[in-house]
Every structure is written in structure tokens, then in C-alpha cells.
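Quick note, the sequences are listed as chains A and B, same order. Numbering-wise (my numbering), the first sequence opens with residue 81 and increments by one. Numbering-wise (my numbering), the second sequence opens with residue 612 and increments by one.
Fair warning: there could be bad hints in the mix.
With a straight-line cut-off of 16 Å between C-alpha atoms, the simulated EDC-like cross-links for lysine to aspartate or glutamate are [to be verified]: (1) Lys-229/A - Asp-1073/B; (2) Lys-405/A - Glu-395/A; (3) Lys-341/A - Glu-164/A; (4) Lys-232/A - Asp-1071/B; (5) Lys-366/A - Glu-133/A; (6) Lys-229/A - Asp-1071/B; (7) Lys-232/A - Glu-213/A; (8) Lys-750/B - Asp-300/A; (9) Lys-348/A - Asp-165/A; (10) Lys-365/A - Glu-133/A; (11) Lys-750/B - Glu-613/B; (12) Lys-107/A - Asp-165/A.
What the hints contain is simulated information worked out from the structure, not anything from laboratory work.
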Amino acid sequence: MTIKRTLSLVAAATFSMSALAWQPSGKVECIAPSDPGGGWDFTCRSAGNVLRELGLIDGTVQTVNMAGAGGGVAFAHTVSKRAEDDQLIVAASTATTTRLAQKQFPGLNADMVNWVGALGADYGVIAVGKNSEYQDLNQLLDAVNENPKSVKFAGGSARGGWDHLKVLIAAKAAGADQLPSIPYLSYNNGGEAMTQVVGGQVDAFTGDLSEVTGFMASGDLRVLAVLADERLPGDFAHIPTAKEQGVDAVGPNWRGFYMPKGASQESKTYWANTVDTLYASEEWKKIMKANGLIPFHPPAGEFDSFVRQQVQDIEALSREIGLLK
Amino acid sequence: METLGFLMDGFAVALTPYNLMFALFGAFAGTLIGCMPGLGPANGVAILIPLAFTLGLPPETAMILLTSVYAGAMYGGRISSILLNIPGDEPAMMTCLDGYPMARKGRAADALAISAIASFSGGLIGTVGLIMLAPVLAKFALSFGPAEYFALFLLAFATLGGITGKNPMKTVIAATLGIMISTVGIDISTGTQRYTFGVLELYEGIDFILAIVGLFAISELLFFVESRMGHGREKVSVGKLTLSFRELVSTIPTQLRGGVLGFISGVLPGAGASLGSFISYTLEKQVLGRKGRFGEGDIRGVVAPEAGNNGASSGALVPMLTLGVPGSGTTAVLLAMLISLNITPGPLMFTQNADIVWGVIAALLIGNVLLLLLNIPLVGVFVRLLSVPPMYLLPIVTMVAFVGIYSISNSTFDLYFMVAFGIAGYFLRKLEIPVVPIILGLLLGPEMEKNLGHALVLSDGDWSILWASTLAKSFWLVAGLSLVLPYLVGPLLRRRMNAAMKESPVSD
Chain A
81 MTIKRTLSLV
91 AAATFSMSAL
101 AWQPSGKVEC
111 IAPSDPGGGW
121 DFTCRSAGNV
131 LRELGLIDGT
141 VQTVNMAGAG
151 GGVAFAHTVS
161 KRAEDDQLIV
171 AASTATTTRL
181 AQKQFPGLNA
191 DMVNWVGALG
201 ADYGVIAVGK
211 NSEYQDLNQL
221 LDAVNENPKS
231 VKFAGGSARG
241 GWDHLKVLIA
251 AKAAGADQLP
261 SIPYLSYNNG
271 GEAMTQVVGG
281 QVDAFTGDLS
291 EVTGFMASGD
301 LRVLAVLADE
311 RLPGDFAHIP
321 TAKEQGVDAV
331 GPNWRGFYMP
341 KGASQESKTY
351 WANTVDTLYA
361 SEEWKKIMKA
371 NGLIPFHPPA
381 GEFDSFVRQQ
391 VQDIEALSRE
401 IGLLK
Chain B
612 METLGFLMDG
622 FAVALTPYNL
632 MFALFGAFAG
642 TLIGCMPGLG
652 PANGVAILIP
662 LAFTLGLPPE
672 TAMILLTSVY
682 AGAMYGGRIS
692 SILLNIPGDE
702 PAMMTCLDGY
712 PMARKGRAAD
722 ALAISAIASF
732 SGGLIGTVGL
742 IMLAPVLAKF
752 ALSFGPAEYF
762 ALFLLAFATL
772 GGITGKNPMK
782 TVIAATLGIM
792 ISTVGIDIST
802 GTQRYTFGVL
812 ELYEGIDFIL
822 AIVGLFAISE
832 LLFFVESRMG
842 HGREKVSVGK
852 LTLSFRELVS
862 TIPTQLRGGV
872 LGFISGVLPG
882 AGASLGSFIS
892 YTLEKQVLGR
902 KGRFGEGDIR
912 GVVAPEAGNN
922 GASSGALVPM
932 LTLGVPGSGT
942 TAVLLAMLIS
952 LNITPGPLMF
962 TQNADIVWGV
972 IAALLIGNVL
982 LLLLNIPLVG
992 VFVRLLSVPP
1002 MYLLPIVTMV
1012 AFVGIYSISN
1022 STFDLYFMVA
1032 FGIAGYFLRK
1042 LEIPVVPIIL
1052 GLLLGPEMEK
1062 NLGHALVLSD
1072 GDWSILWAST
1082 LAKSFWLVAG
1092 LSLVLPYLVG
1102 PLLRRRMNAA
1112 MKESPVSD
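Only chain A is shown next, with the shape it has when bound in the complex:
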């Protein structure tokens, strides 16, 4: 009797082991390639919390901040020192792909890591002050088409950075040909740039949706378009997309992870599935809602090709405006 029970326990244990396949044991690290408080830091910390709450991971997920070179230091660290680490994920976003595309991490490229998956996105918007003459995206882009210098844009990234690229993506989709002539004023962050647009010093703002919610609610800023495939859910349903105005421009600033290329196949499968489970959970939906993240999650297997496509697109665009030779 006792023997029989023991045997069945062993059998059960063996069965569950094989069902779970590979699982991380002990400490799991999530590198946030920024100082505490930024977007990548948020990705690591909130994903880590939900993973623990859901019991997807036995121990804890430790967030390690590794700032520098806009993610370059962490990228180089992953490629060179942690190339075979099964228990490491690194937070990334469109900012990472932009810098990779523009060769801002010397000697490094997108093929050197394994792209795990996305956990949502913050969509790009183009907005003007409440007293602006432009009522919709087409009026604004028509003015740009007529005279590229007539509309000045302000955004929170450096020249050639993601905020700047969104303007160029939209202008290109609307048929503008003199992309490098479109004036773009770069500020340290979206907030500073928005202040100038609200104050009437600069014509239009380019940034992410989560940045404009305050001024949009107060009526100081008119959002002309969100660069998404279709209208966003909830409070943002009233914002027209660029697509429905006839401008085929999409600009998701996704948030997600990459991991070392040399990690075992089992761990790669494990992390891809875990991110899927995490994304589907109620807990994560709450976090997305609270932080203005919009659903965005290419199915497992397609994320890698999405990232590559994005890198290629950005590279082509950067070449066109002369940022890349």
C-alpha cells in the first residue's frame, strides 16, 4: 500500500516535471537599461511583480538597473558577458530598435540577441495647441507638403530619435518628399516639448499617448491623430487614427524583452510562453490600464520578425533623412 502510494507520487512528480519542462531555479534577473524611474525600469519591476503573484516563477525577479548609452551598455553586457545565461531578461522598447537601426551601439545589431515578446505599447500621437489653425491631420500634413518649413514640431527625443521619426513616418505616408527640411525641435522629454506647444511657441507636438493624457483632458492640447492600426479602447476611443484620415502611418512604442542569444532552447521556449501567459493575465491588464499601455502583442514566433522589420524600416527612414550614411 505504502509502496504503491510512493510509486504513484513518484510517477506524478515525473509527469509534472516533464510537463513543465525547463523552469528557472533560484535568482532571475531583469536588467532595466536605465536609472530607476524610467519606462524600462517600470517594465522590469511590474512584470517581475506579476510573475511572482501568478506563481510563474518560484523565486523573485530581481531588477538590476544598468543605465548608459540609451540601453547600449546593457545590450553590450548581454551580448558579451551573459551570452548563455538562461535566467536573464532585458527590458526593451522601440527606443532600443531605433538605436540599433541607427548603429548607435557600435558593433552591435539586432541579431545578437533573442527577442522574447511584447507586453503592450504606447502609441505615437501628433497634437497641436488648442488655438492652432489645424483641425485634423490632413490640414497639418498638407501644410507640410506645401512648404516643409511651415510646421515646426517639438518632441522629447533627440534628432533622429523615435519622436522625430514618427513625424517623418506620417509625413512620408502623406507624400512629403523633403523630409530632412521639416523642422524638429528636440527637448529633454515630452513634458518640456508639450509646454512649448501649449504655450504657442511651437506648432505641433510629437510624442506618445501616455504623455499627452493630462493636457488632452484639460483641453490645452488637441490630438490630431494616433498612429495606431485602429481606434484605441476606453477613454481614447474618440481620437481618430492616422489611417482613417488616409495617412498610412503606424507608430507603436512597444515594451517588451530580449534575452541572450546563446541561452538554451528550453529557456527560450519557457520565456516566450511565460510572457504570453503574463500578457494574458488579469493582473497585467490592470497594470496596462493604470499606466496607459495599449494592447500590443505579436503572437509568439512573430515578435522576432516584427522587431527585424521595425529595425529595417527605421534604418531606411534614417538613411533617407541623412542620419545614416
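Add chain B to chain A, keeping to what the hints say.
Leaving out everything else, chain B in the frame of chain A:
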């Protein structure tokens, strides 16, 4: 009335036990740092920045801690002025003039008590001024375009050498050093890398928190190691409190005048607390004329500068919070902290980070009350701490600095940089090159460059946009005056201010 609502929300933030605890700790530590000769508020705040990172404090708590240190240091500066005739920091210089004679007459306790009360009313007046002026100025700041900002930053640089700088040339050298350091990293208006030599760690530029902690805290440690290792100061007795109520009431007009004047001089960029205490003292002397016995231990000679420098310390927060232009060295350090907490000062902060702004302002009010309570009954404790040998404090400060800086980004590279800045700071201060302008150059240089570029993009390359608006014109005018005036009145002021100086402290 809207303001009052925000202020109430601010109190709700500042009065949580957690934040209140840090405000109390900050007030205590600030007073202690302030009364150490040579350690001014800028050093005090710089020393505690790593602590905020070590403890992983949320932004509002971190800012409450640091502003409490700032206010506390302004209180603490007077203690050694009165007891030892050595100003704890530069703004406390004027307090020596009548404070020390009072102490020699056996009225040290009275001088300490009345100066604490004067500090309180000065701080209170300054904070009320801040509450009334800041939201108005923040709204007004929306009308600032790149050209206006450029002129404003120019004004800030022009006032730098101003009144407190001893040698204008050295100030210029220091500011230039700061600007040079700030050019390292990505240039956001072109997207290209400058002076990074392919070193990934340099791509985002040099973090000013590193520079601040290195230049202020680490270099201070080196100074301690060099000169004051080992023995503490001799104990000083304070005596009994004999201050009468009538005497207290008689100083009220002085307190009011000092606080208001201090606040105004604090709001002006570049002038800061030293000017506040100086003007208050001089005016008081002129108002009272022969009726006072200034320089011989007149109680109003203690009240005026103390009310003045505490009023100025709150006033200096106005341009920092509303425009992102620091009015003094300490507010420059606070500004750097705000930026590294991902908060952009300016009009937006008053709406988007209202809890932080108003939490800090409420904490200033609470801090002033705490400081008054700390400084009257507990003044004996501070006096005793003044005689603690630095060998006990030194290792603590060193440890906190290293742990804190490391915990920001987990990079040993940053630690090397901090130490390098510390050693550089030590030699610069040996050469009497002030370190505050370096920080200002580091903070303001890139902003000025950025706004110049933006203004020229907006005007399609027409330089006249820089002085097109009335606002910009008036900034240019004031900037011009600030460059010229110090040569006319500066030497006079400085001679008088230095009369009381024996040991040269770091500027505020």
C-alpha cells in the same frame, strides 16, 4: 483659492508619518551640517543625495528630505557664527557681526534663541512668498519661448560672478569647465555623439549627480582628512536664557523687513542667501541708525541677517521650481536631483507633479516649525555635536556616498568618475576656483545651447529673434547690468562681508 487647495493636498503628502520622519531627520541633519564650519547647504544637500538613492526613496520623499536639509542648514549656520565667530556657511557671515559680541557678553543662549526665531519668521515669510509667487510665475512661464529662455539663461550666467564671487575670472573658468563637461554625450539637436570616444558609458553624458557628489561631498572629505582629522572642537558653554518677551516683540519689525528683503533677493537668479542676509543687515543698520549699537552685540543685528538668509533660501526656490533656473548653488543641486528623478521643473511640474511640488512646499512650512522646535530646546545638543571629532562622521559620509551612487546605476564606472570629480574638486578649491559655477555650467550650458538652436530654427536662422520680444529685451538689460554692477558696488560689498570672516567657507 486654488492654491490653498493644492497646499492642503501638499500637507496630506508631507504629513504622512513616513515623509514627516524624513523631514525631521533632514531638519536635524541639515542643522548639524549647517553648524559645521565650512559645510554649507549645498554640501549638505550633496552629501544626502546618495542617501536618498541608497534608501530608494520615492521622489516626493527624496525631495522633502533634501529641502528639509536645505532649510536646516540655513538654521544651523548661525550656531558657529554666534559661538565661535566662524560662520557655518557663507550666508551666516553677517550673523557673526553681532552674534559673537552677544555671546561674549554672556548672552549666547539669547542670541541662539532669537536667531532661531528670526530664522523661523524669515523662513515663514519666504515660504508664504513662494506659495503666492510660484504658481503665478509658473503660468507666466508658458509664454517663454526658446528666445526668452536663452536670454534668461544668459542672465543666470551673467549674475554668476556677481556679488559673492571673489574673483570673477575664476568664476568664469569654473563655469566654462562645467559647460565643457556638459558637452560630452549625445547632442540632442543633431543626434550625434560628442567627445565619447566610442566609450558606451559616456554616450548619455556625465551625470551631474556624480559631479555634484564628487565636487562637494568627496572633496569635502578630502579637506577634512587633510586638516581636521582627529580632534574635535573645544566645548563652548551656552549659558542661561534671559531673553525677555518685550525684547522679542521689539525685534518683530526687523524680522519682517529681513524676511521680505531676503525673499526678494533670493528670487533674483544668482544672488542667493548671502546677499539676502547682507542687505537685511545693512538696511537694518540704516533704518535704525544711531539708535542701534550694531557690531557690539545688538540683538537686531542677529535677527536681521538670520531672517534675511532664511527668507532668501525659500525665495531661491521660486525660479528653480517655475523656470528651471536655479537662483543659488543649493537650488542648482536640488534641480539636478529633480532632473535625475525624471521630473522636469517648470510650469508642467505644477500640474503633472503637483503632489511633489506642493508636498515640498508644505514640507518647508512643517520643516520650519520642526526646526524652531529643534533649535530652541535642543540647541545644546547641536553645540555638543559641534565638538564630535570628524573621524566618526567621515566614514559614515564616505560609505553613504559610495553606496548611494552605486545604487543609482550599479556601475563601478560611475564610482571612478565620482572619485575623479572629488579629487578635481579638492584641487580646484585649493586654487580658490569655486565649484558652484561648475555645477551651474553643467546644468545650464546644454539648456542654453538647446534654446539657442531652437530659437534659430523657429526664426529660420534670423538671430534678431533672440531680442525680439520685450521680455527677452528686459532679460538682456538685467544681464548687462549684472555684468557691470559688481565692478561698481561689488568690491565694497565684499570688503564688508569679508570683514567678519576668519575661515573661508564654501559659497552657498
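We went through each hint and held it up to the structure:
1. Our distance criterion of 16 Å between C-alpha atoms is met by Lys-229/A and Asp-1073/B, whose separation comes to about 14 Å.
2. Only pairs whose Cα atoms come within 16 Å are accepted, and Lys-405/A paired with Glu-395/A is accepted, the gap being roughly 10 Å.
3. For the suggested pair Lys-341/A and Glu-164/A, the alpha carbons sit about 7 Å apart, so the restraint of at most 16 Å is met.
4. For the given pair, Lys-232/A sits about 11 Å from Asp-1071/B by alpha-carbon distance, which is consistent with the 16 Å threshold.
5. Among the hinted pairs, Lys-366/A with Glu-133/A is consistent with the structure: their alpha-carbon atoms are about 13 Å apart, no more than 16 Å.
6. Distance check on the hinted pair: Lys-229/A and Asp-1071/B sit about 9 Å apart at the alpha-carbon level, within 16 Å; holds.
7. Between the alpha carbons of Lys-232/A and Glu-213/A the distance comes to roughly 13 Å, so the proposed pair stays at or under 16 Å and holds.
8. Under the criterion of a C-alpha separation no larger than 16 Å, the hint pairing Lys-750/B with Asp-300/A is consistent with the structure, at around 13 Å.
9. As the CA atoms of Lys-348/A and Asp-165/A are separated by approximately 11 Å, the hinted pair is consistent with the 16 Å bound.
10. A distance of roughly 14 Å separates the Cα atoms of Lys-365/A and Glu-133/A; the hinted pair therefore holds under the 16 Å criterion.
11. With a C-alpha separation of about 13 Å, the suggested pair Lys-750/B and Glu-613/B falls inside the 16 Å cut-off, and the hint holds.
12. Among the hinted pairs, Lys-107/A with Asp-165/A is consistent with the structure: their alpha-carbon atoms are about 12 Å apart, no more than 16 Å.
The structure is consistent with each of the numbered hints, conforming to all of them.
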